Amino acid sequence: MPFIFKSIDHIQLAAPKGSEETARKFFKNIL
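Going by the UniProt record's numbering, the letters in the sequence shown line up with residues 1 to 31, in that order.
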């Protein structure tokens with residue numbers, strides 16, 4: 001069954017403790 005993303009509500013990723021700001025900067029431009 002094919003589907004199309006209309007939007008993304010949220011995502012959840014695992015990251016090492018203390019790396020939240022680095023991950024935020026990286027994914028901000030991708031998402």
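Keep in mind the hints are simulated off the structure, nothing from the lab. Since the structure is predicted, the reported quantities are computational estimates derived from the model, not experimental observations. Check before you lean on any hint, since a few could be wrong.
Claimed, not checked - Okay, derived cross-link-like pairs now, SDA-like style, lysine to any residue, Cα gap no bigger than 20 Å in a straight line:
1) Lys25 x Asp9
2) Lys28 x His10
3) Lys6 x Lys17
4) Lys17 x Phe27
5) Lys25 x Ala14
6) Lys25 x Ile11
7) Lys28 x Pro2
8) Lys28 x Phe3
9) Lys6 x Lys25
10) Lys28 x Ala14
To be verified - Computed beta-carbon distance windows for the label pairs:
11) Lys25 x Met1: 18 to 24 Å
12) Ile30 x Ile4: 15 to 21 Å
13) Glu21 x Met1: 34 to 40 Å
14) Phe3 x Ala23: 23 to 29 Å
15) Met1 x Asn29: 18 to 24 Å
16) Asn29 x Ile4: 21 to 27 Å
17) Ile30 x Lys6: 15 to 21 Å
18) Lys28 x Phe5: 16 to 22 Å
19) Phe5 x Asn29: 27 to 33 Å
20) Ile30 x Phe3: 27 to 33 Å
21) Lys25 x Phe3: 29 to 35 Å
22) Leu31 x Phe3: 29 to 35 Å
23) Pro2 x Asn29: 16 to 22 Å
24) Phe26 x Phe3: 36 to 42 Å
C-beta atoms are modelled at their ideal positions from N, C-alpha and C, and glycine is treated no differently.
Hints, verified against the model:
1. Lys25 x Asp9: holds (19 Å)
2. Lys28 x His10: Answer holds: Lys28 to His10 is near 12 Å, not above 20 Å.
3. Lys6 x Lys17: violated (32 Å)
4. Lys17 x Phe27: holds (17 Å)
5. Lys25 x Ala14: The hint holds at about 15 Å.
6. Lys25 x Ile11: holds (15 Å)
7. Lys28 x Pro2: violated (28 Å)
8. Lys28 x Phe3: violated (25 Å)
9. Lys6 x Lys25: violated (24 Å)
10. Lys28 x Ala14: Given pair Lys28, Ala14 holds - Cα atoms ~16 Å apart, limit 20 Å.
11. Lys25 x Met1: 18 to 24 Å: Cβ of Lys25 to Cβ of Met1: about 36 Å, so the range 18 to 24 Å is violated.
12. Ile30 x Ile4: 15 to 21 Å: holds (19 Å)
13. Glu21 x Met1: 34 to 40 Å: At roughly 39 Å between Cβ atoms, Met1 and Glu21 fall inside 34 to 40 Å, so the hint holds.
14. Phe3 x Ala23: 23 to 29 Å: Between Phe3 and Ala23, where Cβ atoms are some 27 Å apart, the hint holds.
15. Met1 x Asn29: 18 to 24 Å: This hint is violated: roughly 32 Å between Cβ atoms.
16. Asn29 x Ile4: 21 to 27 Å: holds (23 Å)
17. Ile30 x Lys6: 15 to 21 Å: The hint (15 to 21 Å, Cβ to Cβ) holds, given that Ile30 and Lys6 are roughly 18 Å apart.
18. Lys28 x Phe5: 16 to 22 Å: At roughly 19 Å between Cβ atoms, Phe5 and Lys28 fall inside 16 to 22 Å, so the hint holds.
19. Phe5 x Asn29: 27 to 33 Å: The hint (27 to 33 Å, Cβ to Cβ) is violated, given that Phe5 and Asn29 are roughly 18 Å apart.
20. Ile30 x Phe3: 27 to 33 Å: violated (21 Å)
21. Lys25 x Phe3: 29 to 35 Å: holds (30 Å)
22. Leu31 x Phe3: 29 to 35 Å: violated (19 Å)
23. Pro2 x Asn29: 16 to 22 Å: violated (28 Å)
24. Phe26 x Phe3: 36 to 42 Å: violated (27 Å)
The structure fails to meet hints 3, 7, 8, 9, 11, 15, 19, 20, 22, 23, 24 from the earlier list, while all remaining hints are met.
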